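K.L.:
We have chain A; now place chain B onto it with these hints.
Chains as they are written, first to last, in this note's numbering: chain A, 1 to 418; chain B, 1 to 88.
To be clear, the hints were calculated from the coordinates, so they are not data collected in a lab. Only a predicted model underlies this, so the values are computations on that prediction, with no experimental measurement involved. Glycine included, every Cβ here is placed at the ideal spot set by N, Cα and C. Fair warning: there could be bad hints in the mix.
[To be verified] Sample of chain A residues at the chain B side, in silico, Cβ under 10 Å:
1) 329
2) 332
3) 336
4) 345
5) 347
6) 349
7) 353
8) 355
9) 371
10) 388
11) 389
12) 397
13) 400
14) 412
15) 414
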Amino acid sequence: MIGRREVVGGAATALAMPFVARAQAAAKVIVVGGGFGGATAARFVRRADPHLDVVLIEASPDFIACPFSNAVITGFRDIAAQRFDYRAIATSGVRVLIAEATAIDPAARRVTLGDDSVVPYDRLILSPGIDIVWGGLPGYDEAAAERMPHAWKAGPQTLLLRRQLEAMADGGVVVISAPANPYRCPPGPYERASLIAAWLKANRPRSKLLLLDAKDVFSKQKLFQAAWAQLYPGLLEWVSLSDGGKVTRVDPATNTFETDFGSHKADVGNVIPPQRAGRIAALAGVADRTGWCPIDPVTFESKLQPNIHVVGDAAIAGAMPKSAFAANAQAKVCAEAVVQLLAGGTPGEPRLINTCYSLVAPGYGISVAGVYRPVNGQLTDIPGAGGVSPLNAPAEQRAQEAEYADAWFKTITGETFG
Amino acid sequence: MLRTAFGTTVLLSMVAMAPPPPGALGCSGCHGPAAPPPVLTGLDPTKIVAELDAFRAGTRPATVMDRIAKGFSHDESVAIASWLAAQQ
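One chain only, chain A, in its complex shape (with noise of 0.2 Å):
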């Protein structure tokens, strides 16, 4: 990583003040990570307090998505639909730096950058979605993501997974695995078998594709089961832990997933990996040995480190999946909090609410909502709200939810980089 860029009213420019040049008044948020998270919680600090000195820290100049992303893959949305960037948050009040963060001391509160430069912070917000564990699944490396994508970081990976689909003859086999929990998007590997198993009915229809999965339970589960034999028997199959789903091994040179029963071996392979929270969680100090981030339900400060607040992918957040809508609903409860907590004050008990939709196909959609709490340290769900779609809901009510889910994405992004 070289030097850092600043995002200035729609232009990346060189940086040309050093932060210690600055006036020192204001306290000082920074937020590293610039994902659904990030985003959102530096503009919602600078929103409810903007005399507060604000800077978002980000690698990349460029955001994909991953909601919808499973639709790139099989081509029945563009990758251009999932692209954002920083520019209007750099208008709004918050300063975009383009740098990595390599470092952080929680001591002596300062953010250390690719370029060796340092920036001091009062509270320092980090929302550094996910890290694949390479190696986690044995066979599984970052070479072996190149022959077998993961496709879970939406961008390039989702693209090699297209081509390779496109690439396969009538006749062939996609095998996916899923990871046990905890993960991001727990839909999503039977979201990504839905719309793979559209595509392939209407595209490639004497294939199969088998999900070995790494559990007997999962999101949403009698609603895509009922799906599936309604819309792709025999071509869609399920193999649950308990039947021997889950993958112990992987081999790139074949494209063979292998079991404790037997192995499988894919025409297009798509290993959904084992995952942590982002590295510079570790770094800091905040993720403790499950590779996760425990926080406080209230404020999502760290329990590990204080003056640094975890929300997203990376943070242990109880009940909540780990989906873009709830890490754009706790960035904007942090944000609150740490405003609050700067000020002197004491946040109250936060109310949070998650809503994923799924597609089964193209104008079909489901959904899961949660309300939640804290309750006794965690985040947990109001008993008797949310839930999931009805089983037995009409063709219109899947169509309208497939609506719904469309302009949550044109909402969601639009509240975080709008």
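P.N.:
Using the frame of chain A, we list chain B on its own:
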């Protein structure tokens, strides 16, 4: 007159500074410029509360709001609706 104007200014800035009631910031995750979910900011708060009460009671057709409304009491809905009405 001056006192009134001054008092009004102080009151408005205090409203702007007050933290949003629990859950209020969550609405904009879905309710924004993209239809079909309606824009909520600036709406009549009594209408929002009536809709949430109907969603909660199951008397209004819904896709997802029936599930979300059950996470809030009537009084909590009133606080959220009042805050939304005050937003630009």
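K.L.:
Now tell me if each hint is right for this structure.
P.N.:
The hints, checked one at a time:
1. 329: This interface hint holds because 5 Å falls under the 10 Å limit.
2. 332: holds, 4 Å
3. 336: holds, 6 Å
4. 345: With a minimum Cβ separation of about 8 Å from chain B (threshold 10 Å), the hint on residue 345 of chain A holds.
5. 347: holds, 8 Å
6. 349: holds, 6 Å
7. 353: Constraint on residue 353 of chain A satisfied, holds at 4 Å.
8. 355: Interface hint status for residue 355 of chain A: holds (6 Å vs cutoff 10 Å).
9. 371: holds, 2 Å
10. 388: Result: holds, 8 Å to nearest chain B Cβ.
11. 389: Status holds, d = 7 Å.
12. 397: holds, 6 Å
13. 400: holds, 6 Å
14. 412: Status holds, d = 6 Å.
15. 414: Since the shortest Cβ distance to chain B is 6 Å, the answer is holds.
The structure is consistent with each of the numbered hints, conforming to all of them.
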